[in-house]
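Engineer: Protein sequences, first through last, are from chains A and B.
Read in the working numbering, the first sequence has 308 at position 308, and its numbers run on one by one without any break.
Read in the working numbering, the second sequence has 101 at position 101, and its numbers run on one by one without any break.
Just so you know, these hints were derived from the structure itself, not from any lab.
Hints may be right or wrong, so weigh each one.
[Claimed, not checked] EDC-like mimics (lysine to aspartate or glutamate), calculated; alpha carbons at most 20 Å apart, straight line: (1) A:K53 - B:E203; (2) B:K395 - A:D264; (3) B:K395 - A:E269.
[To be verified] What follows is a list of derived Cβ distance ranges for each label pair: (4) A:D244 - B:I285: 55 to 63 Å; (5) A:L52 - B:D321: 32 to 40 Å; (6) B:E109 - A:G351: 21 to 29 Å; (7) B:G130 - A:S67: 34 to 42 Å; (8) A:T127 - B:E203: 26 to 34 Å; (9) B:V319 - A:L52: 41 to 49 Å; (10) B:Q179 - A:I56: 52 to 60 Å.
[Unchecked claim] Short, incomplete list of chain A residues facing chain B, as computed with Cβ under 8 Å: (11) P65; (12) A75; (13) A83; (14) P90; (15) T104; (16) S348; (17) G350.
Note that CB positions come from ideal geometry on N, CA and C, so glycine has one too.
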Amino acid sequence: MTTRKIQSACAVLLLVAAIYSCDSLIPEAPAESDLLDGPTEGLSTSEQSRFLKGDIAFNDEVFTPESGLGPVFVANSCGSCHAGDGKGHPFTTLTRFGQTQPNTAPDVSIGGPQLQNRAIPGFKPETLPSGVPSMDFTPPAVTGLGFLEALTDQQILDNADPNDSDGDGISGVPNYINPPSYFIPKPFHQPVGGQYIGRFGKKAAAIDLLHQTVGAYNQDMGVTSTFNPIDPHTGLSTDPEVSDQTIRDVVFYLRTLKAPIQRDQNNPEVIRGKEVFMSISCSSCHTPSFTTPQSDIEALSNKNIFPYSDLLLHDMGPGLDDGATEGSAETFEWRTPPLWGLGLAPESQGGEFFLMHDGRAKSIQEAIELHGGEAQQSRDEFVALSDADKQALLKFLRSL
Amino acid sequence: MKKLIITLFIGLLSQQLIAQVDQSLLKDDRSDSLENAMNMDALSNRVYATSSSPVSIGGYLEADYKYIGEDGLTDGHTFRIPRVTLFITSSISSRIKFMSEFEFEEGGEEIAIEFAVMDVNFHPLLNLRGGVVVNPIGAFNQNHDGPKWEFVDRPIAMTQMLPATWSNVGFGLYGKMYQQDWAFGYEAYLTNGFDNSITTNTENRTFLPASKNNKERFEESSNGEPLFTGKIAVRNQNIGELGLSYMGGIYNTYEDDGLILDEPRRLDVFAVDFNTELPFSETYIVGEWAWVFVDVPNTFTQQYGEKQSGGFLDIVQPVIDKSMFGFDDAVFNVALRLESVDWNVGTFNETGGNIGDEIWAVVPGISFRPTYQTVFRLNYRYQEQTDILGNAPAKTSGIEIGFATYF
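Whole structure, please, built from the sequences with the hints as guidance.
Structural biologist: Listed below in structure tokens is the structure:
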């Protein structure tokens, strides 16, 4: 065999070896439980196709002045606020204002209900009127929302106790919201005086995911749609800047994002932590589980879910009273935030915790210690826990 | 008989046409290397397939195969022709020269005039160049021909931060001088510039290449303000070459039809490049680093950064230099590229924390050059990229195999 043939054979072998070793060269995928994004299990192929369209619109579509951004806005894409579908960062914290009493309309004459603190070049952003109470909202995680939307109003009302009739110090009331014109009630909705139970947002001011999504496009990005054609800058109607189809795709995406998966469930310390969680009555508001009813999406139907939220409003005390509100909520009332995905928050918040509604808490422990009002008793019991129980509880919460 | 007459006629006519050509214009540009060549000469010292007439035609082709994945997901096996490029050069007289480069990217999806100039030579230190010039920012922008590099991908910093290949309509001067082992060169051009899209684009970051989508820049300036690009470089035969370059000007459309739309906003880019060959090992080292400063309105989102920096370092070591596979002057190299870009240098207004949006990559590879004009490349790429918040990086790696050849 000549030298040239040997050289050629070696080159071919090298190439073949390189190509056949391709898969081993690809970085390993993170464990499914370490990710918040991804579709819920059991979607049909057509549903996965719709999920993909929504995924692209949510995570990849960036609005520019040419495509409808602003002119005043908070963020220029959905993904800017919800990196990896997780909790947001103070970089995209938004400010709501203009309503200081329950069941009143936000004062649009002063720029409410939301501050658009950024503007495209050549325009001036809004500024908060002097002396007006306001609330800062750090973007929440968006995973598992479809399961929460699937719950019936009755399932939410089952945990409500407006007059604290059981005497446990925990009330829990729904936030009743005036529906937008495009809202189509489902059979499970139970309106009261033409208002519907809100379940999304820090104050539970959005009735369903379409309501939440249309509001985000409009108020967060200054992008108008046929659902809400009013430009936040001028207060006048404009041509739609995002299509109905795109909004529907994003809503479908949000509905079918998987629920966060708990990690280390069998770890003895995590198990102990859950026992502590229950024993100091955190679960009175952070309701551990629900079972979804039949849904138009089979993958969401009849599933046991573990959101650790009752989706109701609770008095959180004067320390968390920002003086502003939404819907029928008092200024000191906040919706119980779902705790699922809590341990993964730093994965989307730049490696840090920014907890509570405005990101003021830099750790889970600090967040617990900021609880007041109806949660004061549980908070005090947490502070009094032994170090071991405290660490077990924190480990349990980080496993969610 | 008729065919024979026609053939003879064409043959005689061809001889007559060749006789009318100034023989001094005929040239052979197939030089493998020019000892005094600098980066700025890259566009004029190319390899041409036909060069025995006043018009030289050449070009290069790049093709590759990739299997790349990110965090466990891959698009599978991908074959590409990133670009086919055609050069046409003509010596109009001994002192006037036309040079051009037409690029067909992604199988013809994009066809671009990358370079089309007329050079008038007054003196080695004073040459006038006008037309579609390649702005001399850094070194890669001018020295971008695929067959010259041992890596399948172009450097990220030079193509995604700096917008190589960045060319524009304008005029300027260039020149060189020599003193023993030393060579000095300069270039200075005024051209049309960038536009608003560098800070309002769907890349969601300050992105100079966004302006390349604006084909109208070959017709008119976006703001009536010229972009200045200048470079000085010095080379020592025994040490290497060092280049310093600057590009800057107003980038935005701040006025239209007499109406003030925004305040004028500047873009300033600085770059340093160098290359050398270590005499004891023949190791070739080339690198470039650049800094971008953009006046972004402070009322706009910090998604679009005011500062960027990035660059690359290539180390190429010939390991076998002998007759191989029937090629007399074949060379087998091992190579390594290190590259990084910080797309958004700064801190968040809200937290004071570091803004992410960074990428770095390490690309070891081997290359085989059967001739100087042709290279086969096999690279392994590993890179990590963080989002703007600095969350855990997306990890990308895989294999890239390709070839590039002049023709």
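Engineer: Next item in the hint list is S348 of chain A. Is there a CB on chain B closer than 8 Å to its CB?
Structural biologist: 6 Å, holds
Engineer: Determine whether the Cβ-Cβ distance between L52 of chain A and D321 of chain B falls within the hinted range of 32 to 40 Å.
Structural biologist: 51 Å, violated
Engineer: Less than 8 Å between beta-carbons is the criterion; does A75 of chain A satisfy it with respect to chain B?
Structural biologist: 7 Å, holds
Engineer: Close enough to count: is the Cβ of P90 of chain A nearer than 8 Å to one in chain B?
Structural biologist: With a closest approach of 4 Å, the P90 of chain A hint holds.
Engineer: Is the straight-line distance between the alpha-carbon of K53 of chain A and that of E203 of chain B 20 Å or less?
Structural biologist: Distance of about 19 Å is within 20 Å: holds.
Engineer: Measuring from beta carbon to beta carbon, are G130 of chain B and S67 of chain A in 34 to 42 Å?
Structural biologist: Hint holds: Cβ distance 37 Å, inside 34 to 42 Å.
Engineer: Are G350 of chain A and chain B close enough, Cβ to Cβ, to be under 8 Å, as the hint says?
Structural biologist: Holds, because the Cβ-Cβ distance from G350 of chain A to chain B comes to roughly 4 Å (cut-off 8 Å).
Engineer: Do the numbers back the hint for A83 of chain A, that is, is its least Cβ distance to chain B under 8 Å?
Structural biologist: Check passed: Cβ of A83 of chain A comes within 6 Å of chain B, closer than 8 Å.
Engineer: Does the closest beta carbon of chain B sit nearer than 8 Å to the beta carbon of P65 of chain A?
Structural biologist: Holds: closest Cβ of chain B sits about 5 Å from P65 of chain A, inside 8 Å.
Engineer: Between D244 of chain A and I285 of chain B, is the Cβ distance one that fits in 55 to 63 Å?
Structural biologist: 57 Å, holds
Engineer: Measuring from the C-beta of T104 of chain A to each C-beta in chain B, is the shortest one below 8 Å?
Structural biologist: 30 Å, violated
Engineer: Between T127 of chain A and E203 of chain B, is the Cβ distance one that fits in 26 to 34 Å?
Structural biologist: Between T127 of chain A and E203 of chain B, where Cβ atoms are some 29 Å apart, the hint holds.
The structure fails hints 2, 3, 5, 6 and 15 (numbered hints given earlier, in ascending order).
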